[in-house]
Amino acid sequence: MKKVATPEYDIKDKLKHHVSALSTAAKEVVMPLNVTTQYPRERRKMPDCFRGYILFDPERCISCFQCSFVCPANAIWMKEAPSGRYYPTLDYGKCIFCHFCVDTCPGGALKQTKIHDVAYKDMDEMFTLTEEMIEPPEIIREDEGYVDYVIDKEDLSLKRTKGIDKLIVDVAPSQGVPLVSLCVEPENCLGCGICEGMCESGAVSSLKEDGMVRMKIDVDKCTGCGLCVKECPMQILRLFRE
Amino acid sequence: MIDINALISTIMNNQVNIPLLQPLLDPLLGMPVIGYIIALILWKPFFVLILIPGFATMGIMLLILPWIERKMVGRMQWRVGPREISPHTRGIIQLLADSLRFLFQEVIIHKDAHKLYFLQFPFLYFIPVLLPLLFINAGTAGNPLVPIQTDYALQIMVALISLMPVFILGVGWASNNRFSFIGTVREAFLYFAYEIPFIVVILAMIVLYGTSNTVGVIDKQSGVWWGIIQNPLAALTFFIATVMATARLPFEIPEADQEVSFGPFVEYSGIAFGLAYVMGYEKMYVLSAIMTMLFLGGGSGPVIPGLGDLSYGIWFVIKTLIVLVVMANLRGVYPRYRLDQGLRIGWGAMLILALIALGWSIVVMGVRL
Amino acid sequence: MAAIGKSEWEVKIPEKTLKEKLYFENLKATVIDTKLCSRCLTCACVCPVDGIIAIDGVEFPNYEEECTDCSACVKVCPRFVYEPKSGLGSYIEFIAGQSKRFKGQDGAMVTELIVSAIEMGMIDRGLFVGRDEDWVTEIFHVRDIEQLEIPTLGGTKYTFARVLPELKKAVRFTKKGVGVVGTPCMVSGVRKLQQEFPLFREKIKLVVGLFCTENFHYDELTKYLKEKGVDFSKLIKTDITMGKFIATMTDGEVKFKVRALEEILPSGCNVCTDFTAVESDTSVGSVGSAAGFSTVVVREENAKKIIDFIKKKGYADFGEAKPEELGFLIGHKKKREENIGK
Chain C
1 MKKVATPEYD IKDKLKHHVS ALSTAAKEVV MPLNVTTQYP RERRKMPDCF
51 RGYILFDPER CISCFQCSFV CPANAIWMKE APSGRYYPTL DYGKCIFCHF
101 CVDTCPGGAL KQTKIHDVAY KDMDEMFTLT EEMIEPPEII REDEGYVDYV
151 IDKEDLSLKR TKGIDKLIVD VAPSQGVPLV SLCVEPENCL GCGICEGMCE
201 SGAVSSLKED GMVRMKIDVD KCTGCGLCVK ECPMQILRLF RE
Chain S
1001 MIDINALIST IMNNQVNIPL LQPLLDPLLG MPVIGYIIAL ILWKPFFVLI
1051 LIPGFATMGI MLLILPWIER KMVGRMQWRV GPREISPHTR GIIQLLADSL
1101 RFLFQEVIIH KDAHKLYFLQ FPFLYFIPVL LPLLFINAGT AGNPLVPIQT
1151 DYALQIMVAL ISLMPVFILG VGWASNNRFS FIGTVREAFL YFAYEIPFIV
1201 VILAMIVLYG TSNTVGVIDK QSGVWWGIIQ NPLAALTFFI ATVMATARLP
1251 FEIPEADQEV SFGPFVEYSG IAFGLAYVMG YEKMYVLSAI MTMLFLGGGS
1301 GPVIPGLGDL SYGIWFVIKT LIVLVVMANL RGVYPRYRLD QGLRIGWGAM
1351 LILALIALGW SIVVMGVRL
Chain E
2001 MAAIGKSEWE VKIPEKTLKE KLYFENLKAT VIDTKLCSRC LTCACVCPVD
2051 GIIAIDGVEF PNYEEECTDC SACVKVCPRF VYEPKSGLGS YIEFIAGQSK
2101 RFKGQDGAMV TELIVSAIEM GMIDRGLFVG RDEDWVTEIF HVRDIEQLEI
2151 PTLGGTKYTF ARVLPELKKA VRFTKKGVGV VGTPCMVSGV RKLQQEFPLF
2201 REKIKLVVGL FCTENFHYDE LTKYLKEKGV DFSKLIKTDI TMGKFIATMT
2251 DGEVKFKVRA LEEILPSGCN VCTDFTAVES DTSVGSVGSA AGFSTVVVRE
2301 ENAKKIIDFI KKKGYADFGE AKPEELGFLI GHKKKREENI GK
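Residue numbers (the working numbering), protein chains in the order written: chain C, 1 to 242; chain S, 1001 to 1369; chain E, 2001 to 2342.
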């Protein structure tokens, strides 16, 4: 075991340190710096990767359910839209703002924003329907911009900057991990063609010849959404890194 | 039979002289009843006890000192301090708001507490805290402003101050709570650690001044020969002992929030807690006033024209405030010592310093004689 | 690209007898409508859309829309190309056993075999048939001995159980393997599954067959028994001994000749010639041993291991069994070969 010993100072050093501590304190009393952000009137500058309110773009959604699979808090439910497709709904009562859903979304339909101060009157209201996720929520704001503090590393001086912050981040659609669905146990295949029916991008094809079904996954077309993997009755498909 | 005329003449012969206010006071003094009241107030001993530097000043200090402390420590730590309660005055009425809250909060006495002592001790505590004000001389050489003149003033003050921890021990015992017990034991330990150097230092100053009458003490500090210059070691030791006695931050061992959550006062709530909270600041004020009197020349300073006797009082209050501010400042500078470190400082460095200060006083006295 | 996954593969499909129809229609025409179907429900186990059900005979309610025409049901059906099996089959050991740990209809050897296999670590779940108050069969996934405290797990039910549809779930969840208990037709279905799909070959580690003369449909049997005066709320057990069907109730017994039951004999059983579950790993039944004992026919090595394990641990008493006592029932079922094709 390593023991940490107190540093040995003689009385001169000790006095010097006391004086230096007291004089620094006195200096700060007279000419103070300030790092407090007066929140409702000011706001800290959020980084672009801030994990806040999540927006949804239905046109980019491919209904792959990835967001709902990955959600560790089970906050995302897929709800059937009148068009027959499934879109996510988000329960902010459960959401832990990990943004795994935003990261996994293969089409970039879910977008992060810097909005972090949405208030609800009750728990039911926190269940956000798909339609409510398209537009950012209405928030009454007192602040007019952000405040940012930059500490100089050399002399520890503090610079206070102000500016106008855009709460909605324009991010390039996230690429995510390029995945592709492949068959791991071809012997177990039933040849049922459910995968072909599920595939939205038309990557899976089956061709019936006499005495044979030829199954084919077009790797270039596959978006890696995993719908076929989920639906396969024999569970013989897996997602692989491209 | 009290000779009323003799009493009136005693009062009238010992009036505070404020030339600026004299035109205003003269017609009032002529009035039948108000005249007597004004005369009583302007009677020097009464004036000192009630107004400056007595209860009225202390009350104002208690209201603004926590604000000063919080604001200053906030600035040191790059914060803002209290603000939201009145943003335009920078939150100066924070303590007023706090005390209002304390006033209307429920006072909870838990069932294991000793009910009688639990409520009694915070009030009894005021006796040793307030009585030393009777002997504080806020005047200057040849012009004393003191309620009671006695040759044993310093000894009485030391006795009263030594009585203070007894009430804290009582409070801790009556609370019947493990945290309050720990805090009480810490207080008891620390009590002996600071009390002995404290008494030795007072002894050194009595030796140095050759008197324990507060009037004599001020008389011996004429000009720039303040006590702090005559015996700086004693001043330092007295200051550290004061910090220890009031449990301010480097020695906030008995009341350590993070460890024993306000120590002996952990069970108090509502106005009882408010009293305990204010008590610490009262103790601070009284000890700072003694420090001002013993080491900082009392009310001596350039006379402000037109204020007469009041000028001394104002200088005394300003000096006391400076001592208080320095003491409050320590909160933002030092972290808390452990109990053993505090005890080592008390029984080690401070006792040695106090004894050296006593020796210094004896040598100085010998040279003078 | 990962080396393990394949983007192109082929699936063999059998030839259709009716070219223009879906595979299920083929199955229906060849097996169900010709009354060959034994309701073993192997087809339901493998159906990718879970469409095949048994209500009043095996059906696929809206196969025109849902059927994916994948041929799986035809592949696994043991009677699509029916090769009747009969006789005692090959065996390593022929013994009688009585479990010390469990109480059952006879020797409780089926329970003992499955639980011992779980204890050995050969399998991690066994499929048991339980029943509810009305004697409707339910499937239990037994993973622990404690689960066997359910009293309705043991005992013969004489009605069809939907074991095999549950098998797919069990196979998907299992880590070590699954043990299945079934009638000879189910055993044939499981063997067919294992023959066609490696998944079942790997995961089904133990197949326990039961001696079976016939098995009844729930509705028909209950109707018949009610006519005979059996109160299902009081029924404790059913048994066939010495050519008589005995229903034991809390307040007495109802006895009648087994032959009387032939009027409700299912068409699938009418063509079944297998009495001893020839294809199983081990067959168990009451015929051929003393009262209180079960006859155990050990056919495969894995079953032999379990019997050795039971012997080593002393979980069961073993005794003599007489193969010749089975002769009558084997012969009885052998006669049904004539019914095929009628």
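For the record, the hints were derived by calculation from the structure and aren't laboratory data. Careful: at least some of the hints might be erroneous.
Stated by the list, open to error - These stretches of chain E come out as covered by chain C in the derived footprint (C-beta under 8 angstroms, 3 or more residues): (1) 2009-2019; (2) 2322-2334.
Claimed, not checked - Below, in silico cross-link-like pairs of lysine to aspartate or glutamate (EDC-like), each with a Cα-Cα straight-line distance of 16 angstroms or less: (3) E:Lys2012 <-> C:Asp218; (4) E:Lys2169 <-> E:Glu2138; (5) C:Lys216 <-> E:Glu2008; (6) E:Lys2228 <-> E:Glu2196; (7) E:Lys2016 <-> C:Asp210; (8) E:Lys2016 <-> C:Glu209; (9) E:Lys2006 <-> C:Asp218; (10) C:Lys208 <-> E:Glu2138; (11) E:Lys2019 <-> C:Glu209.
Said to hold, decoys possible - Quick partial rundown of chain C residues pointing at chain E, CB under 10 angstroms, derived from the structure: (12) Gly145; (13) Tyr146; (14) Val147; (15) Val150; (16) Gln235.
These figures come from a predicted structure and were not determined experimentally. All C-beta atoms, glycine included, are put in the ideal place defined by N, C-alpha and C.
The hints, checked one at a time:
Here the region 2009-2019 of chain E counts 7 residues with a CB under 8 angstroms from a CB of chain C, which clears the bar of 3, and the coverage holds. With a cut-off of 8 angstroms between beta carbons, the region 2322-2334 of chain E has 0 residues touching chain C; three or more are needed, and the interface restraint is violated. Between Lys2012 of chain E and Asp218 of chain C the alpha-carbon distance is near 21 angstroms, which puts this suggested pair outside the 16 angstroms criterion. Pair hint Lys2169 of chain E plus Glu2138 of chain E holds up; C-alpha atoms about 15 angstroms apart against a cutoff of 16 angstroms.
Restraint check for Lys216 of chain C and Glu2008 of chain E: the C-alpha separation of about 4 angstroms stays at or below 16 angstroms, so the hint holds. A threshold of 16 angstroms between alpha carbons decides the hint, and for Lys2228 of chain E with Glu2196 of chain E the separation of about 44 angstroms lies outside it, so the pair is violated. Taken as a hint, the Lys2016 of chain E and Asp210 of chain C pair is honoured in the structure, with Cα atoms around 10 angstroms apart against an allowance of 16 angstroms. Among the hinted pairs, Lys2016 of chain E with Glu209 of chain C is consistent with the structure: their alpha-carbon atoms are about 13 angstroms apart, no more than 16 angstroms.
Taking the CA atoms of Lys2006 of chain E and Asp218 of chain C, the gap is near 11 angstroms; set against the 16 angstroms cutoff, the hint holds. With a CA separation close to 39 angstroms, the supplied pair Lys208 of chain C and Glu2138 of chain E exceeds the 16 angstroms bound. Distance check on the hinted pair: Lys2019 of chain E and Glu209 of chain C sit about 13 angstroms apart at the alpha-carbon level, within 16 angstroms; holds. Interface restraint check: Gly145 of chain C against chain E, minimum CB-CB distance 50 angstroms, threshold 10 angstroms, status violated.
Because the smallest distance between the Cβ of Tyr146 of chain C and any Cβ of chain E comes to about 46 angstroms, over 10 angstroms, the interface hint for this residue is violated. A cut of 10 angstroms between beta carbons decides the hint on Val147 of chain C: the least distance to chain E is about 50 angstroms, and the hint is violated. With 10 angstroms as the threshold, the beta carbon of Val150 of chain C stays out of range of chain E, its nearest partner Cβ sitting at about 46 angstroms, so the hint is violated. Look at Gln235 of chain C: its Cβ gets to within about 6 angstroms of chain E, closer than 10 angstroms, so that hint holds up.
This entry does not satisfy hints 2, 3, 6, 10, 12, 13, 14 and 15, going by the numbered hints stated previously.
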